[in-house]
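Student: Sequence:
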Amino acid sequence: MQIVDEDILLSKINQISKKTSSYSRSDKKDCTESGASMIIHKQTLASGRWFRFTLMEQLANVGTDVDRAARYKKQGDLEHSQQALFRALELIDFTVMDPKNKKRLKEILRARECLVDFFMYDNEYGTSYEFWYNYFYDFNYAAAIQKGR
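Heads up: the sequence shown begins at 1 in our numbering, then just goes up one per residue.
If you are wondering where the hints come from, they were derived from the structure by calculation, not from laboratory data.
Misleading hints may appear alongside valid ones.
[Stated by the list, open to error] Calculated pairs, SDA-like style, for lysine to any residue (alpha carbon to alpha carbon, straight line, at most 20 angstroms):
1. K103 x K74
2. K106 x E57
3. K74 x Y137
4. K102 x L55
5. K147 x W50
6. K147 x T54
7. K102 x D117
Note that the coordinates shown come from a computational prediction; the quantities given were computed from them, not determined experimentally.
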């Protein structure tokens with residue numbers, strides 16, 4: 001298995017972000033059609049809003065992008081799959097930076113490693129679409145219970 005170079009991955013995310021920083025959410029359709037990548041979480045994350053979410057809410061949001069990445073990959077749309085994966089990884093990185101999650105870093109970072117392995121490498125951990133759906137569904141369910149839904 002190849003080791004993922006975090007610096008290379010983060011530089012790719014930053015390149016994508018720089019290309020799309022002038023777009024707003026209303027421009028999403030236009031920039032997607034033109035082939036530009038889109039990372040839309042920057043404003044939410046930069047404002048500190050992400051740190052106000054519970055860990056369950058953070059990981060449920062990560063799961064949304066992981067689910068998108070998996071669905072696109074199943075459909076053979078590798079470009080959109082990669083974009084969704086990068087958004088999920090961006091959210092995981094912000095989750096790791098959240099001080100309240102420092103006791104959970106081992107699991108969060110292991111999940112990140114396995115996600116990258118599944119989507120970008122040889123899937124040596126043997127995960128599947130169903131595994132990732134179930135893994136993140138549990139966080140979604142827990143977040144809903146916390147909110148009283």
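Student: Could you run down the list of hints and mark each one as holding or not?
Tutor: Verification of the hints:
| no. | hint | result |
| --- | --- | --- |
| 1 | K103 x K74 | 34 angstroms, violated |
| 2 | K106 x E57 | 18 angstroms, holds |
| 3 | K74 x Y137 | 19 angstroms, holds |
| 4 | K102 x L55 | 11 angstroms, holds |
| 5 | K147 x W50 | 16 angstroms, holds |
| 6 | K147 x T54 | 10 angstroms, holds |
| 7 | K102 x D117 | 23 angstroms, violated |
Going through the hint list in order, the structure does not satisfy hints 1, 7.
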